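> With the hints as extra help, turn the sequences into a complete structure.
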Amino acid sequence: GENVEQHPSTLSVQEGDSAVIKCTYSDSASNYFPWYKQELGKGPQLIIDIRSNVGEKKDQRIAVTLNKTAKHFSLHITETQPEDSAVYFCAAIPNDYKLSFGAGTTVTVRA
Amino acid sequence: EADIYQTPRYLVIGTGKKITLECSQTMGHDKMYWYQQDPGMELHLIHYSYGVNSTEKGDLSSESTVSRIRTEHFPLTLESARPSHTSQYLCASSEYHEQYFGPGTRLTVT
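Residue numbers (the working numbering), protein chains in the order written: chain S, 1 to 111; chain P, 1001 to 1110.
Calculated directly from the structure, the hints in this document are not laboratory data. Since this is a predicted model, take the numbers as computed values, not measurements. Heads up, a few of these hints could be off.
Stated by the list, open to error - In silico DSSO-like pairs for lysine-lysine, Cα to Cα no more than 27 Å straight-line: (1) S:22 - S:98; (2) P:1017 - S:71; (3) P:1057 - P:1017; (4) S:71 - S:57; (5) S:98 - S:42; (6) S:58 - S:22; (7) P:1057 - S:37; (8) S:37 - P:1018; (9) P:1017 - S:98; (10) S:42 - P:1018; (11) S:98 - S:71; (12) S:22 - S:37; (13) S:42 - P:1057; (14) S:98 - P:1057; (15) S:68 - S:42.
What the hints assert, rightly or not - Here are a few chain P residues that sit away from chain S, every Cβ distance over 10 Å (derived from the structure): (16) 1008; (17) 1013; (18) 1045; (19) 1052; (20) 1065; (21) 1075; (22) 1083; (23) 1087; (24) 1094; (25) 1108; (26) 1109.
As the list claims (entries may be wrong) - What follows is a list of derived Cβ distance ranges for each label pair: (27) P:1106 - S:68: 31 to 39 Å; (28) P:1056 - S:14: 43 to 51 Å; (29) P:1015 - S:55: 48 to 56 Å; (30) S:82 - P:1008: 24 to 32 Å; (31) S:60 - P:1012: 23 to 31 Å; (32) S:53 - P:1026: 27 to 35 Å; (33) S:58 - P:1050: 28 to 36 Å.
Just so you know, even glycine gets a beta-carbon here, dropped at the ideal spot from N, CA and C.
Dropping the structure here:
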């Protein structure tokens, strides 16, 4: 099955700086890569996703890049704000609809 | 905002009790999922369903059971709760690949 590794496990950044989270996956058949944000006491919320036929996707301050050859993808958050503090999960889907999640990254934005 | 609901949000119950965690969605999604989230925040798939009368076990072995009699409803049942079942349980649904999560049920078994 698919194995997704996520780094770092914790990330502390100064407000206004950028944050980068990296994930690698093992199954070359994976073709969909979502990112979720989970705030305290809530369920994960989809914030951005990318499909295997696209190398980069951007939505305001967040962007995701995908390198299919190296089997890794990354989340970039620019101009971080206190409300960006949360746990972020990457995931991948091979040929079915079951998501394989990374272990999560706890992001803390320092004011 | 996805329309997926879970009740109760918090439950504290004694060992040996039978419990049912409710999950419902109003989006008409065929696919529904149950995840268990441990204190380290990792998400583990314990059950999934691709439609009415279809249920499968996920990657993490669980003593819970599920049923899917209606498209919008996917309850999870523990016949005899144990302290090892203490966890956060998250329900999700999807039409294609994008999964939408409910707010979760935090279960504590004493």
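> None of the hints should be skipped; say for each whether it holds.
Each hint tested on the structure:
| no. | hint | result |
| --- | --- | --- |
| 1 | S:22 - S:98 | holds, 21 Å |
| 2 | P:1017 - S:71 | violated, 46 Å |
| 3 | P:1057 - P:1017 | holds, 22 Å |
| 4 | S:71 - S:57 | holds, 16 Å |
| 5 | S:98 - S:42 | holds, 21 Å |
| 6 | S:58 - S:22 | holds, 16 Å |
| 7 | P:1057 - S:37 | holds, 25 Å |
| 8 | S:37 - P:1018 | violated, 32 Å |
| 9 | P:1017 - S:98 | violated, 31 Å |
| 10 | S:42 - P:1018 | holds, 25 Å |
| 11 | S:98 - S:71 | holds, 18 Å |
| 12 | S:22 - S:37 | holds, 14 Å |
| 13 | S:42 - P:1057 | holds, 24 Å |
| 14 | S:98 - P:1057 | holds, 11 Å |
| 15 | S:68 - S:42 | violated, 32 Å |
| 16 | 1008 | holds, 14 Å |
| 17 | 1013 | holds, 20 Å |
| 18 | 1045 | violated, 6 Å |
| 19 | 1052 | holds, 16 Å |
| 20 | 1065 | holds, 19 Å |
| 21 | 1075 | holds, 17 Å |
| 22 | 1083 | holds, 22 Å |
| 23 | 1087 | holds, 14 Å |
| 24 | 1094 | violated, 6 Å |
| 25 | 1108 | holds, 15 Å |
| 26 | 1109 | holds, 20 Å |
| 27 | P:1106 - S:68: 31 to 39 Å | holds, 38 Å |
| 28 | P:1056 - S:14: 43 to 51 Å | holds, 45 Å |
| 29 | P:1015 - S:55: 48 to 56 Å | holds, 52 Å |
| 30 | S:82 - P:1008: 24 to 32 Å | holds, 30 Å |
| 31 | S:60 - P:1012: 23 to 31 Å | violated, 40 Å |
| 32 | S:53 - P:1026: 27 to 35 Å | holds, 32 Å |
| 33 | S:58 - P:1050: 28 to 36 Å | holds, 33 Å |
Comparing the model with each earlier hint shows violations of hints 2, 8, 9, 15, 18, 24, 31; every other hint is respected.
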